[in-house]
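Undergrad: One-letter residues, chain by chain:
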Amino acid sequence: MGQQRFKTSRRLLFAILFALIAGPSAIAMEWHGIVPLHSTKEDVLRLLGKPNSNFDRYLIDGEEATILYSAGPCSDGGWNVPRGTVFLISVTFKRARNLSDLKIDMDKYVRTVDPFVTTHVYYTNKEQGVRYEVYDGVNEKGEVLQVYYEPTGADAIRLRCPQQ
Amino acid sequence: MEMWKYEQRLAYTRARNGIVPRRPEASPLDPQQPGISVGLNPKDQAKYDQERDKARKRGVPDECAKFLSSRGIDPSDVLRAIELQQPFSGPKSTILRIDAGVEDFDTDAWRNLQKNYPDTATSIATKPVALDFKNPRTGFDGGIWVNRDLKHHDDYCLPSYSL
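Chains as they are written, first to last, in our numbering: chain A, 26 to 189; chain B, 5 to 167.
Looking at chain A on its own, in the form it has when it is part of the complex (with noise of 0.2 Å):
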């Protein structure tokens, strides 16, 4: 019983390591299961259906999303992904809602300030390919204007396309 235990703890450990190695998209950021560069259109159709709001979006739950769709290997977007792969999802909510309503770990982003819209600003989680794009106005701050679902930068070492 002891040894079937230990197996049973071995094969745990492997699962564990087999996650760390597997890496970068195990802790990428989803939209109810969909990863960009991971996923595909078709997975996009057989967990979401079709687009259900106007302009192809979906409206779920209160968040309503654009999913765009790689149209080949370094096509526009430049990745090296086959055609149909997701590669960007954009979230805005249905109800107006704060950075600091999300409850997310700040340390963990990096600030930048929309060089073209200075009351824009981006905070950007590279490692989880997350980037929320939040107003910082001078009398009005902190409402998320949109959240990009984007390529983890570990992905975007392994698929970006060169520089032509």
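Source of the hints: derived by calculation from the structure; they are not laboratory data.
Any given hint could be a false lead.
[Unchecked claim] Computed cross-link-like contacts, DSSO-like style, restricted to lysine-lysine with a CA-CA straight-line distance of at most 30 Å:
| no. | chain 1 | residue 1 | chain 2 | residue 2 |
| --- | --- | --- | --- | --- |
| 1 | A | Lys151 | A | Lys128 |
| 2 | B | Lys96 | A | Lys66 |
| 3 | B | Lys70 | B | Lys51 |
| 4 | A | Lys66 | A | Lys166 |
| 5 | B | Lys47 | A | Lys75 |
| 6 | B | Lys47 | A | Lys119 |
| 7 | B | Lys61 | B | Lys51 |
| 8 | B | Lys96 | A | Lys151 |
| 9 | B | Lys58 | B | Lys70 |
| 10 | A | Lys119 | B | Lys61 |
| 11 | B | Lys119 | A | Lys133 |
| 12 | A | Lys166 | B | Lys119 |
| 13 | A | Lys133 | A | Lys166 |
| 14 | A | Lys75 | A | Lys133 |
| 15 | A | Lys151 | A | Lys166 |
| 16 | A | Lys75 | B | Lys96 |
| 17 | B | Lys119 | A | Lys151 |
Starting from the known structure of chain A, fit chain B onto it as the hints suggest.
TA: Only chain B this time, still in chain A's reference frame:
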């Protein structure tokens, strides 16, 4: 620099002075693929043509011309830009921000972002414009881009002169 095709795209966009590069290989039947510029519907096209004619007739008001000159912009370039514009449907088009001619990528702010946070810069430049147009919280993204010191970039000539 990790920017994908950045230099070529910027040169192309700027050389064409704001003309939206159309991609003949893109299929208008794939609205969720990037790089597609969808024209206006007949009603919106008629409205656009009407407003463009008004702008042509009106020219650049003196007050606005003075302001533009003080910022190093030749006022006649504004009218030239209007002539060269190719309107597209914002919510339906997935052309990238860098292709759409709605931003000025020739600023110190942009270069600093690109130098310090190349991944974020790439994400911003290659974001399809439709995402902002569809989003009720960000809405329309456009205007004439002057420089990094001008914070309220898209309303500096309003309401007396609207582009």
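Undergrad: Which hints, by number, does the structure contradict?
TA: When the structure is compared with the hints, numbers 4, 10 and 14 turn out to be violated.
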